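Note that the protein sequences, when read in sequence, are chains C and F. Residue numbering for the first sequence follows our numbering, beginning at 1 and increasing consecutively. Residue numbering for the second sequence follows our numbering, beginning at 401 and increasing consecutively.
It is worth saying that the hints were derived from the structure and are not from the lab. As the structure is a computational prediction, the values presented were derived from the model and not from experiment. No residue lacks a Cβ here, since even glycine has one placed at the ideal position from N, Cα and C. Any given hint might turn out to be false.
Said to hold, decoys possible - Which chain C residues face chain F? A few, computed with CB under 10 Å, are given here: (1) Thr41; (2) Gly43; (3) Lys338; (4) Phe343.
2 protein chains.
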Amino acid sequence: MIKPPVTFEVVKRISGTLGRAGIIHTPHGDIETPAFVVVGTKGTVKSLKPEDMAEYVGNQVALANTYHLFLQPGADVIKEAGGLHKFSNWDLPTITDSGGFQVFSLGAAFGKGVTKFAKGETDDKTEKSELNVYSKKLAEEHGKLCVIDEEGVTFTSHIDGSMHRFTAERSIEIQHDIGADIIIAFDECTSPTADKAYQEEAMDRTHRWAKRSILAHKQNFEALKKQGLYGVVQGGRHLDLRQTSARTLADMDFDGFGIGGSFSKEDLGEAIQVVNEILPEDKPRHLLGIGEPMDIVEGVRLGCDTFDCVAPTRIARTGTIYERTNDGHKRINLMNSKYRRDFSKPDESCDCYVCQNYTKAYLAHLFHSREMLGAHLASLHNLYYIVNFTKRLREEILLA
Amino acid sequence: MIKPPVTFEVVKRISGTLGRAGIIHTPHGDIETPAFVVVGTKGTVKSLKPEDMAEYVGNQVALANTYHLFLQPGADVIKEAGGLHKFSNWDLPTITDSGGFQVFSLGAAFGKGVTKFAKGETDDKTEKSELNVYSKKLAEEHGKLCVIDEEGVTFTSHIDGSMHRFTAERSIEIQHDIGADIIIAFDECTSPTADKAYQEEAMDRTHRWAKRSILAHKQNFEALKKQGLYGVVQGGRHLDLRQTSARTLADMDFDGFGIGGSFSKEDLGEAIQVVNEILPEDKPRHLLGIGEPMDIVEGVRLGCDTFDCVAPTRIARTGTIYERTNDGHKRINLMNSKYRRDFSKPDESCDCYVCQNYTKAYLAHLFHSREMLGAHLASLHNLYYIVNFTKRLREEILLA
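Model the full assembly from the supplied sequences, consistent with the hints where possible.
Take a look at the structure:
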């Protein structure tokens with residue numbers, strides 16, 4: 001039997017809650033949790049080279065997106081380069097998501113929508129890892145960006161409109177080629193507006209894809225030695241579905257779990273709680289796509305170990321930075337004209353490189369001048385802010 | 401008498417030529433020459449923080465542009481921040497140009513052109529440091545971007561079309577506010593298409609502005625202690641004018657000299673030679689805006705000490721990098737589809753950080769994905785390439 005490449009140990013629990021501090025062991029090093037996972041969508045954390053992460057941010061792990069890397073440069077290119085770590089010159093633990101979220105959300109984002117088939121309605125002649133002829137025909141006829149069937153999803157590229165197909169097996173194969181330490185089973189990420197019947201149907205399909213993802217992973221002996229596989233809990237806003245999903249996936253042979261789907265602020269806590277009460281304690285839990293400071297606080301208390309979110313770098317590129325307040329956090333936009341002559345630190349309470357060496361006025365100048373360094377420095381601050389905010393939550397658990 | 405803040409010593413001469421290795425001493429440290437001066441137009445070397453310069457490029461000096469900083473964020477903002485070094489978090493020797501080149505070239509670049517007055521034709525009632533009413537009226541009537549008179553230049557901002565005026569005194573005052581180690585006397589940079597009569601007229605005016613720049617500098621005791629002033633040799637393609645200009649400026653109390661104007665490849669060598677035969681040997685000479693490898697070789701042989709050029713970062717942003725060839729240098733564009741699967745180093749012969757850690761395929765991916773890191777890594781390589789190419793020329797002189 002192969003020693004699992006990704007394992008988890010709980011170091012300390014927060015008494016009376018689901019929260020814990022732990023360590024995820026991966027082939028590229030340990031991740032001390034709770035931890036914020038920096039997002040490098042296309043194999044680059046926007047504007048940062050790896051030394052910037054190590055010296056100025058201090059993140060322990062980075063996440064790249066399967067969908068984006070599949071389309072550009074192509075998983076085959078990354079494989080030929082020797083995998084994501086070599087290709088991107090990254091030497092830290094890495095995660096790739098399944099591609100599911102982008103397939104569905106970019107479809108929705110482009111205002112076209114998703115065509116769904118109920119179980120049994122699909123074309124039985126579907127072939128693995130090939131374009132599903134029926135889906136393709138539908139997509140062409142209807143101009144849909146994303147067509148789902150039992151087997152997988154046919155979608156058009158947001159870059160050039162070319163047609164592609166992901167199945168559970170194909171997603172795992174692509175993630176094997178990319179070679180991150182932690183890979184994620186292919187899942188369907190539903191719209192929050194979908195009705196409960198569809199949420200359940202999609203969840204059941206995600207569970208069947210989860211099983212097939214495990215099988216596909218176990219068939220690749222080389223990958224099995226160096227990549228851990230997470231399953232993704234779905235179920236939308238419905239706590240009973242969330243519980244069903246957690247129970248179903250907990251019984252499968254995953255190295256960890258993602259909690260996926262879109263949440264409203266009110267639903268988030270309860271949904272996490274019922275899921276983490278069920279998921280096995282000795283496996284790490286990643287809250288997918290959530291990363292606002294107060295959400296992380298709640299996620300940690302409710303037993304999540306890792307978090308990822310594009311917000312820190314995305315808002316940085318528009319001149320927006322995090323700033324501490326007496327009772328929490330706020331965002332300020334440096335393009336506001338009042339900062340043109342503000343020679344105070346970007347965030348007075350922050351000890352990051354940017355706040356120690358630059359003023360709001362300089363950052364404002366960079367943004368007004370459309371200088372790339374503005375986005376870079378704001379990204380360094382925002383990432384440091386959220387990464388170290390999460391580190392402090394760990395320290396608090398250890399000291400409690 | 402104040403000890404000059406910027407001094408020069410010749411360390412070794414290339415026998416039989418005008419070339420030499422030397423050291424420029426400045427308040428922010430020494431510049432070992434020949435040296436390439438990295439350009440940070442708006443108080444930022446595009447995409448690089450100072451640590452990137454120090455760790456990955458190794459440049460000893462950076463140049464910012466008076467015209468750009470005057471328009472955004474404003475010299476007053478930089479002064480209030482404590483000067484350019486504090487504002488930009490730069491701790492190395494710095495230069496600001498006079499603003500003359502941008503005033504004239506941005507005017508020309510915008511396809512409008514420059515209105516010239518012959519000596520004596522100007523409005524005698526001109527007031528220093530104020531918009532010249534006559535010029536302003538003309539500019540408004542004719543929509544010119546740049547109107548020259550004896551006193552100075554009235555021009556419209558390339559950002560918002562607002563009207564401004566530089567005189568010799570105003571340029572020096574702005575450069576005092578910015579606070580670079582080396583500042584440059586206000587000069588008129590003529591179009592290469594101007595006839596000889598106009599070249600001479602403009603040169604004479606530049607000489608009068610040079611005198612007034614020195615006077616303006618000497619009136620600021622604080623600045624005089626910490627900023628050195630260079631005069632700019634003009635004269636276009638005409639060797640006799642170049643000689644006149646060099647002789648005239650050599651007699652003035654400058655700490656060093658710039659050689660300005662636009663050159664054609666064929667004219668460059670001769671123009672430099674006749675100038676440097678005249679300029680005093682104990683003062684540093686900066687060849688303004690020239691920085692292609694083979695031009696630097698020629699400039700060094702003919703007695704220039706420092707060089708600046710925006711090309712390394714400008715071409716980097718479009719995916720173009722320098723590469724050594726058996727007999728020289730070439731540029732390659734990483735957007736070319738043949739590099740998508742090229743896992744060789746960006747430049748096989750280069751020992752920079754980028755060439756040691758990344759492949760052409762990764763850089764190509766970054767450029768195809770419009771990722772900022774592409775421009776950053778290409779800039780690091782190009783700047784390292786040209787900075788260290790120039791350093792090797794120094795080493796060769798010292799070893800000869």
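How the hints compare with the structure:
no.: 1; hint: Thr41; in the structure: 9 Å, holds
no.: 2; hint: Gly43; in the structure: 7 Å, holds
no.: 3; hint: Lys338; in the structure: 13 Å, violated
no.: 4; hint: Phe343; in the structure: 6 Å, holds
In summary, the structure is inconsistent with hint 3 from the numbered list given earlier, while agreeing with all the others.
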